[in-house]
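K.L.:
Chains as they are written, first to last, in the numbering used here: chain R, 1 to 281; chain C, 1 to 281; chain E, 1 to 305; chain Y, 1 to 305.
Hints are computed from structural coordinates only; laboratory data are not their basis. Owing to the predicted nature of the structure, the values given are computational and were not obtained by experimental measurement. Heads up, the beta-carbon is just placed ideally off N, CA and C, and yes, glycines get one too. Hints may be right or wrong, so weigh each one.
Using C-beta positions, here's what the derived DEER-type ranges look like [claimed, not checked]:
| # | chain 1 | residue 1 | chain 2 | residue 2 | range |
| --- | --- | --- | --- | --- | --- |
| 1 | C | 143 | E | 211 | 56 to 64 Å |
| 2 | C | 83 | R | 16 | 37 to 45 Å |
| 3 | E | 108 | R | 130 | 52 to 60 Å |
| 4 | R | 61 | C | 143 | 45 to 53 Å |
Using 30 Å as the maximum straight-line C-alpha spacing, the simulated DSBU-like pairs for lysine-lysine come out as follows [said to hold, decoys possible]:
| # | chain 1 | residue 1 | chain 2 | residue 2 |
| --- | --- | --- | --- | --- |
| 5 | E | 207 | R | 235 |
| 6 | R | 16 | Y | 290 |
| 7 | E | 92 | E | 115 |
| 8 | Y | 305 | C | 235 |
| 9 | E | 294 | Y | 207 |
| 10 | Y | 305 | E | 207 |
| 11 | R | 238 | E | 86 |
| 12 | C | 238 | Y | 86 |
| 13 | R | 34 | R | 187 |
| 14 | R | 235 | Y | 207 |
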Amino acid sequence: MPVREMAKVVSNSPVKPGYYLMELDAPKVTEEAKPGQFVHIRVGRTMDPLLRRPISLYDIDKEKGILSLLYVVVGRGTRMLSEIEAGAELDIMGPLGNGFWLPDRATRCLVVGGGIGVAPLLPLIGMLDQAGLEQKILYGFRNADAVVGIDVVQEKGWPLAIATDDGSVGHRGFVTDLVKQAITDFKPDYYYVCGPEVMIRNVVWLMKEANIPGQVSLEARMGCGVGACLACTCKTRKRTGGQQSVTGGQLSVAGHEQNFDYSLVCTHGPVFGAGEVIFDD
Amino acid sequence: MPVREMAKVVSNSPVKPGYYLMELDAPKVTEEAKPGQFVHIRVGRTMDPLLRRPISLYDIDKEKGILSLLYVVVGRGTRMLSEIEAGAELDIMGPLGNGFWLPDRATRCLVVGGGIGVAPLLPLIGMLDQAGLEQKILYGFRNADAVVGIDVVQEKGWPLAIATDDGSVGHRGFVTDLVKQAITDFKPDYYYVCGPEVMIRNVVWLMKEANIPGQVSLEARMGCGVGACLACTCKTRKRTGGQQSVTGGQLSVAGHEQNFDYSLVCTHGPVFGAGEVIFDD
Amino acid sequence: MTRPNLAVNLGGLQMKNPVTTASGCFGFGPEYAPYIDLNRLGAIVVKGTTLEPRLGNPGVRIVETPAGILNSIGLQNPGVDHFISKALPYLKEYDTPVVVNIAGNTLEDYAELAKRLTAANGVAALEVNISCPNVKKGGMVFGTDCFMAAEVIRTVKQHTTLPVIAKLSPNVTNIVEIAQGVAEAGADALALINTLLGMAIDIHTRKPVLGNTVGGLSGPAIRPVAVRIIWQVAQAVNLPILGMGGIMSGEDAIEFILAGATAVAVGTANFVNPRATMDVLEGIEQYMEKYGVKDINELVGAAWK
Amino acid sequence: MTRPNLAVNLGGLQMKNPVTTASGCFGFGPEYAPYIDLNRLGAIVVKGTTLEPRLGNPGVRIVETPAGILNSIGLQNPGVDHFISKALPYLKEYDTPVVVNIAGNTLEDYAELAKRLTAANGVAALEVNISCPNVKKGGMVFGTDCFMAAEVIRTVKQHTTLPVIAKLSPNVTNIVEIAQGVAEAGADALALINTLLGMAIDIHTRKPVLGNTVGGLSGPAIRPVAVRIIWQVAQAVNLPILGMGGIMSGEDAIEFILAGATAVAVGTANFVNPRATMDVLEGIEQYMEKYGVKDINELVGAAWK
Ligand SMILES: Cc1cc2nc3c(=O)[nH]c(=O)nc-3n(C[C@H](O)[C@H](O)[C@H](O)COP(=O)(O)OP(=O)(O)OC[C@H]3O[C@@H](n4cnc5c(N)ncnc54)[C@H](O)[C@@H]3O)c2cc1C
Ligand SMILES: Cc1cc2nc3c(=O)[nH]c(=O)nc-3n(C[C@H](O)[C@H](O)[C@H](O)COP(=O)(O)OP(=O)(O)OC[C@H]3O[C@@H](n4cnc5c(N)ncnc54)[C@H](O)[C@@H]3O)c2cc1C
Ligand SMILES: Cc1cc2nc3c(=O)[nH]c(=O)nc-3n(C[C@H](O)[C@H](O)[C@H](O)COP(=O)(O)O)c2cc1C
Ligand SMILES: Cc1cc2nc3c(=O)[nH]c(=O)nc-3n(C[C@H](O)[C@H](O)[C@H](O)COP(=O)(O)O)c2cc1C
Ligand code: FES
Ligand code: FES
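Chain R extracted, bound-state conformation (with noise of 0.2 Å):
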């Protein structure tokens, strides 16, 4: 179950500019966090700016109950987040949202993210070796300046390509072209996509073709992050018959005439599986 939970701030640095890399001991939170799930936090106390900022779990210590999130900079919540210092309590709301899970019979996951996306895919990857799967790990960054997220990665020497707009590190061009290569040369039968919307849209239109299934991690605007204000919808095929309880948070809407659901992103996802989710052009 989720919680409320004041964390302590056990450091809060750029790990490059605007990219901050912040360490929570939040032993409560931490406790059932899972991969690809969120927490929703506070940035300041006064009644502006009013709304939490979900941020995804990019590490989670279960020994020591300390999270990390990695994010970036894009407007004033995410300034405030930064400035924040360590020994200051935070107050956040998690873990929230489903999270990965993993594949019923897939062996070989091709895991993709694109920018502070990758965020969530940490905690993923390690889940994914665990649990023993073959993976490939393909990021992309608009830059050598917006590369985050790796350090881990490489030091566990999981398989990590790069793709950079500008060539800067890596594969100059998109990451899907890097997927549109592992496809064939790594013949996955399965996949993980995180990023920016256009992204995922692609990669999720390059594995439809080649038949292969795969988890999408979405974002949308949040009000409650708990399923309560039915803000954060994005589109998901209609369901047919079965309805989720009202115990499990909430409820899908069938019966209409659509042949589309809206879904909400903080509990029905942020994961969904890939054919669930409708994509307006």
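For this one, chain R is given, so just place chains C, E and Y with the ligands on it according to the hints.
P.N.:
Just chains C, E and Y with the ligands now, kept in the frame of chain R:
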């Protein structure tokens, strides 16, 4: 001319629980600052809280360009102010208001303060001292825990008497008791008073009885601090004839039928001739 | 000392304390069960419910504004039958009355909703939403027209034995008039206020941020408007009021009660603080203790009484 | 590169840039002269002016609310004659058009104000306040009634040759209707929005905080409401709009312009930041530069055009 300055916080620490002394490196504001003036402070950076907070000048070090403020935490604005750390930048406007002026002819001044209202009196006392005027200082506080702003006064050996409601320091009772006594003993021919409104009113009444002129420093809820919003009014006797010119910062209201004006605490004050102010009961 | 009385009667709805949830801000209840004990709420007001399931509005549905949020959810909900069969059984487990917020496109919709929910076992009251700014048909159109507002309430009253709370729109010139209209039509209580109509434009895309263009403004930003409306209506109309609009703390709730609210609903605050309802309740208790208030009802409208 | 064009024409009022001051938030000008160069403003709109001097409201006149303020100044001002003889000569020294905000109790008041200010040398336009929530007579009563609003504007137009800007109240059900009414009556431009009606209660004294009980809510809290109103009115009424309500930055101003405002006024922001008008102006310039906008007029209503 008042300015807006990004002042550097030199220090900001409690002098006793709930009471803080803040030193600001603010050369521009300090340059023109006079006793009785105030600065208008932005305590946060977001839209909540929105308004600035007015705080009097407790010490003006023209040589070093350093201003000191003495303040008590009463709400969230002052709480936020108290949490600002040395080294931070603080957005201030000042010096604002008219400040105390020297009496025309008087030679023996009674200086009366109550609670945190003693803050603006310290630079006044210095000014009176320098002008070679006799003075007697009477401060009233709730109890020993609320006694502040006396260190410098004591250091300099200026004649100070204290009253506390519970007698934990000095005279047991109100500062007005000391005022009554001083009227007979010290025989002041002028006075200055700052503190809670009810105290000011009682002091003004006593002095009026004794036919002694003086000045009062008032508080009011402020918006702009510069005479633009007309929020910070107090009732004053209607001025006959001449109006303040518009370039003086504001227009007073004449020609109406009531026998009083609303004057602005921020620019006509905060210091008023005691005879000008009308206290409602 | 005997414990002070917190129980209030909101037009026939008995509440053990004056704190409830604002419709649409608390899901159907279970969403906040990990954070608070739902048994401690004075009542639970659930998300706006319609006859048929509704998908809600497309695109971005929420945007943060200074001390507030704009939402354009558009009444996404699984429909009344699903509510009765799936959500209600869960809620009945709690010792807390369930208030269902209902919205329709037509008078017939409201009539049918009232019928089905009255027949269902476990609904304590109906909150009639004639003020939703986020739907094209019905919604606010009913709420800004005095005659129509009264018609909706009259219709609902004809089809239910439950207490009927009329939830009004603040986006009107004269809310007192509308409150009087629904009072005459038989409303048992008033819910004030729904969201203010607002919008935000993304200066980079140069398009409205919300998928539905306009949305409802809620949160602390609107509190002064809510307090003013409750103050005005409470003095003019002899009906108990469920007050809401930016309540974040017990002190805010006391402000609403002093203005004339018999009970308060916590909405947007839940998103900020999942324990907001409990913090509000405890804050009310602390205030009563501090000032020796023995019965919360003494404070209702005390700022003008 | 040639400098982008910032000049706008607000219904006959020529402004060198779209940034002006909101009435009542900038005194008569000199108050902010220590902080900014008044010559750089597109126009100066001064405090609401009445025929006779007014004392304004008693008691507390301002209270801070979440991301906003409530004020109940009540049109304290020295009267139009004093304005003309004392304030206007000072303002004429600047290379910035002066707009006088006028308020009356009666149609005759408005007529007389228009006459005297038109005769006075140095007034560039009249902003007609039919929306002040802080006075008993006139004020908002005019602004919430479509017929009366139009009457006031018609009267002013009959007595002046200056551009007439009608300043409307947001506290109405249908602002488009009122905007259309004043447009037909001859208004040259619209000013949107005046403050929202709000109030605050002191929970310790259990009395309203403001001496006048209710007050006008301004500041960033109301920005979403202002943007929505401008968006609605701009599309329905063919008059240039002076937009205001919570503008704190150039980005906020751009939002208003995209919604349909030809010029913007900075109000409450001055209290927070005495250089707010200049920051807004510079922010607009930066935005234009970033996106290569050559003429600010291209952005007016660009979110819906
Ligand atoms: C499930 C989830 C996990 C995320 N994990 C990470 C992470 O690990 N690292 C990271 O750097 N970022 C992550 N994000 C994105 C992050 O939440 C936004 O960058 C952040 O909320 C922006 O806030 P701001 O105040 O700085 O920006 P502003 O643009 O000022 O924010 C304004 C509003 O928009 C919302 N918003 C803005 N951008 C986004 C976005 N991309 N997604 C959702 N809401 C947004 C904000 O929450 C806020 O309500 C995640 C988002 C989601 C939904
Ligand atoms: C000219 C002047 C000089 C002052 N000098 C000092 C000083 O030297 N030391 C000191 O401790 N205090 C001083 N004060 C009082 C100080 O400004 C208030 O205590 C402070 O603004 C309270 O802010 P808050 O957010 O903590 O309280 P809150 O009660 O949360 O404030 C809410 C609002 O009320 C206003 N407000 C609250 N109390 C007062 C008050 N007493 N006077 C005016 N506005 C108030 C605030 O500015 C704010 O807008 C002075 C006030 C004035 C007008
Ligand atoms: C996300 C969201 C959804 C809402 N849904 C509904 C609804 O379905 N029915 C309704 O009557 N009011 C709805 N409201 C309005 C709230 O119940 C409440 O009246 C309003 O938000 C003001 O209270 P607050 O400021 O505490 O949120 C909704 C508000 C929000 C923020
Ligand atoms: C202290 C104060 C005084 C005001 N006085 C007037 C006035 O005299 N005439 C008028 O038309 N509007 C007056 N207004 C309204 C403003 O001009 C403006 O419409 C409103 O505050 C919204 O803009 P803002 O949020 O930028 O302040 C006043 C507002 C404030 C805050
Ligand atoms: S954020 Fe509220 S439902 Fe997802
Ligand atoms: S605070 Fe604005 S006039 Fe004094």
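K.L.:
Each of the hints needs a verdict: does it hold here or not?
P.N.:
For each hint, the structure was consulted:
Under the hint 56 to 64 Å, the C-beta atoms of residue 143 (chain C) and residue 211 (chain E), about 60 Å apart, fit the expected range. The beta-carbon spacing between residue 83 (chain C) and residue 16 (chain R), approximately 30 Å, falls outside the hinted interval of 37 to 45 Å. Taking 52 to 60 Å as the suggested C-beta distance range, the pair residue 108 (chain E) and residue 130 (chain R) conforms, at roughly 58 Å. Range check, residue 61 (chain R) to residue 143 (chain C): Cβ separation about 50 Å, and the 45 to 53 Å hint holds.
At most 30 Å may separate the alpha-carbon atoms for a hinted pair to count; residue 207 (chain E) and residue 235 (chain R) meet this at roughly 21 Å. Distance check on the hinted pair: residue 16 (chain R) and residue 290 (chain Y) sit about 26 Å apart at the alpha-carbon level, within 30 Å; holds. Only pairs whose Cα atoms come within 30 Å are accepted, and residue 92 (chain E) paired with residue 115 (chain E) is accepted, the gap being roughly 19 Å. In summary, the hint linking residue 305 (chain Y) to residue 235 (chain C) is not supported, as the alpha carbons are separated by about 52 Å, beyond the 30 Å threshold.
Distance check on the hinted pair: residue 294 (chain E) and residue 207 (chain Y) sit about 20 Å apart at the alpha-carbon level, within 30 Å; holds. Taking the CA atoms of residue 305 (chain Y) and residue 207 (chain E), the gap is near 10 Å; set against the 30 Å cutoff, the hint holds. Restraint check for residue 238 (chain R) and residue 86 (chain E): the C-alpha separation of about 19 Å stays at or below 30 Å, so the hint holds. Using a Cα cut-off of 30 Å, the hinted pair residue 238 (chain C) and residue 86 (chain Y) holds, with the two alpha carbons roughly 19 Å apart.
A hinted pair counts as satisfied when its Cα atoms are at most 30 Å apart, and residue 34 (chain R) with residue 187 (chain R) qualifies at roughly 27 Å. Proximity of residue 235 (chain R) to residue 207 (chain Y) is assessed by CA-CA distance (about 50 Å); at most 30 Å being required, the pair is judged violated.
In summary, the numbered hints that this structure violates are 2, 8, 14.
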